[in-house]
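Chemist: Given next are the chains, with one letter for each unit.
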Amino acid sequence: MYATRYSKPKNIEEAISALQAAEDGKLLAGGMTLIPTLKQRLAAPDCLIDLCAVGLSGIAEEGDALVLGAMSCHAEVESSADVQKHLPALSLLAGGIGDRQVRNCGTIGGSIANNDPAACYPAAVLALAARITTSKRTLSADDYFTGMFETALEEEEIITKISFPKTHKASYAKFGNPASRYAMVGVFIAKTDVGGLRVAITGAGQDGVFRHSGLEAALADSFDVAAIDAVDIDDSELMSDIHASADYRAHLIKEMTKLALQAIG
Amino acid sequence: MAQLSISVNGQRHENDVADNMLLVDYIRETLALTGTHIGCDTSQCGACVVHVNGVSVKSCTMLAIQADGAEVTTIEGISDGENLHPMQEAFHEQHGLQCGYCTPGMVMSAIELVATNKDLSEQDIREGLEGNICRCTGYHNIVKAVQTAANKMQR
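First to last, the protein sequences are chains Z and F.
Okay, so the first sequence: first residue is 1 according to our numbering, each after it adds one.
Okay, so the second sequence: first residue is 266 according to our numbering, each after it adds one.
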């Protein structure tokens, strides 16, 4: 790892000042991607700003929404009684990320800020039409994800919380990479008052997470497994890599959609 | 450099550490507690698992300074000095190790697994130890060891 400077701000204002003062500062929000990246010398930030003490943890009900502090770790989301009660699919998704030790450190804010094309959380955020609140503004999920590892976040903008509408009509099915547990394909289906019926797919798209209009139209017509086979999954914009070809991912999208749908019941 | 104040296995330490020093390097090189192993160094194998404030983490994927103020427990800190921890005893009884390289991490992960889950099935144990890789592939006896320890620890 290249030399760097570590700082642990006490609040969000201090964190933003630290970012402004740094030449190339990076926010540390669990570090399950960032620290391995630093160890491989793929990044050389002059300053690491640890968000663990700025007060962004905690899960709370706010009316029809479940609000997750950006620094909520995956293990907290997995075991939260509120999440299990109001959004069980999100608890299941969190419990399937990486392994126990990764879940003890990695955070939802870190995950969606990084927007890895194979991360699980972006699928939930998009399918559930969640709202992302930052130090500057509140963004809809549709406006937030802008491409592979790309988001609408500006420099010196920090995610503070993510607000999900409560629903039991939601389900996630993932075909995980056998080694890393990253999604080779993950499909999140949700029906919410705010977003309607959505099917969001992670792990497959060349531009990261995306909604599949064909699957959404088919399921709007008939919310049944039988409706899925007739849908055409265009593989021209899907990823092809050492883990899976685009063609195979297209196949997995249908299969994971079926599994997710069966789990909604 | 950063000033680190940390408790490891109940003993307080104050050290100046480089900001980019990993927790595992601090434990092994500064404190000479070499029971915590570095296996893959890419956050996958779990040989470096320790407990930070009672929670299992991969110490190769955390900076030492991130653990400032924390209570850390390593494999050296789980027995009382006379008797093995029930998890260690169970690994011994069930022959839950071959070369032993992954064992410290397995034991630390398994202790947390048993402490936070009741009525663990074989499947629960296998899934719970996903973050620990045994390259001797001796998983079968490791799972038996964790089951044995769970029975003792939860009695």
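In short, the hints are calculated from the structure, not lab data.
Heads up, some of the hints might be wrong.
[To be verified] Keeping only pairs whose Cα atoms sit at most 30 Å apart, straight-line, the calculated BS3-like set for lysine-lysine is:
1. Lys10(Z) - Lys191(Z)
2. Lys383(F) - Lys409(F)
3. Lys26(Z) - Lys39(Z)
4. Lys191(Z) - Lys258(Z)
5. Lys166(Z) - Lys383(F)
6. Lys85(Z) - Lys383(F)
[Said to hold, decoys possible] Every beta carbon over 10 Å from chain Z, so not counted as near; a handful from chain F, in silico:
7. Asn280
8. Asp284
9. Thr307
10. Ser321
11. Lys323
12. Cys325
13. Asp333
14. Thr338
15. Asn348
16. Ser374
17. Asn397
18. Lys409
Using N, Cα and C, we set each Cβ at its ideal position, and we do this for glycine too.
Chemist: Looking at Asp333(F) again, its CB stays over 10 Å from all of chain Z?
Modeler: The assertion about Asp333(F) is violated, with a minimum of 8 Å to chain Z.
Chemist: Over 10 Å to the closest beta carbon of chain Z is the bar; see if Lys323(F) clears it.
Modeler: 5 Å, violated
Chemist: Does the alpha-carbon distance linking Lys383(F) and Lys409(F) stay inside the 30 Å limit?
Modeler: The hint holds at about 16 Å.
Chemist: Is the Cβ of Asp284(F) farther than 10 Å from every Cβ of chain Z?
Modeler: 4 Å, violated
Chemist: Taking the closest pair, is the beta carbon of Thr307(F) still more than 10 Å from chain Z?
Modeler: Violated, since 6 Å does not exceed 10 Å.
Chemist: Does the claim that Cys325(F) lies off the interface hold, with its Cβ farther than 10 Å from every Cβ of chain Z?
Modeler: 8 Å, violated
Chemist: Just want to verify: Asn348(F) was marked as not at the interface with chain Z; is every Cβ pair farther apart than 10 Å?
Modeler: 27 Å, holds
Chemist: Please check whether the beta-carbon of Thr338(F) is more than 10 Å away from every beta-carbon in chain Z.
Modeler: Given that every Cβ of chain Z is farther than 10 Å from that of Thr338(F), nearest at about 14 Å, it holds.
Chemist: Is the nearest CB of chain Z more than 10 Å from the CB of Asn280(F)?
Modeler: 14 Å, holds
Chemist: Are all beta-carbon distances from Ser321(F) to chain Z longer than 10 Å?
Modeler: Label violated. Min Cβ-Cβ 5 Å, cutoff 10 Å.
Chemist: Quick one, are Lys191(Z) and Lys258(Z) close enough, alpha carbons at most 30 Å?
Modeler: 16 Å, holds
Chemist: Tell me if the straight-line CA distance from Lys10(Z) to Lys191(Z) falls inside 30 Å.
Modeler: 38 Å, violated
Of the numbered hints given earlier, the model fails hints 1, 8, 9, 10, 11, 12, 13, 16, 17; all others are met.
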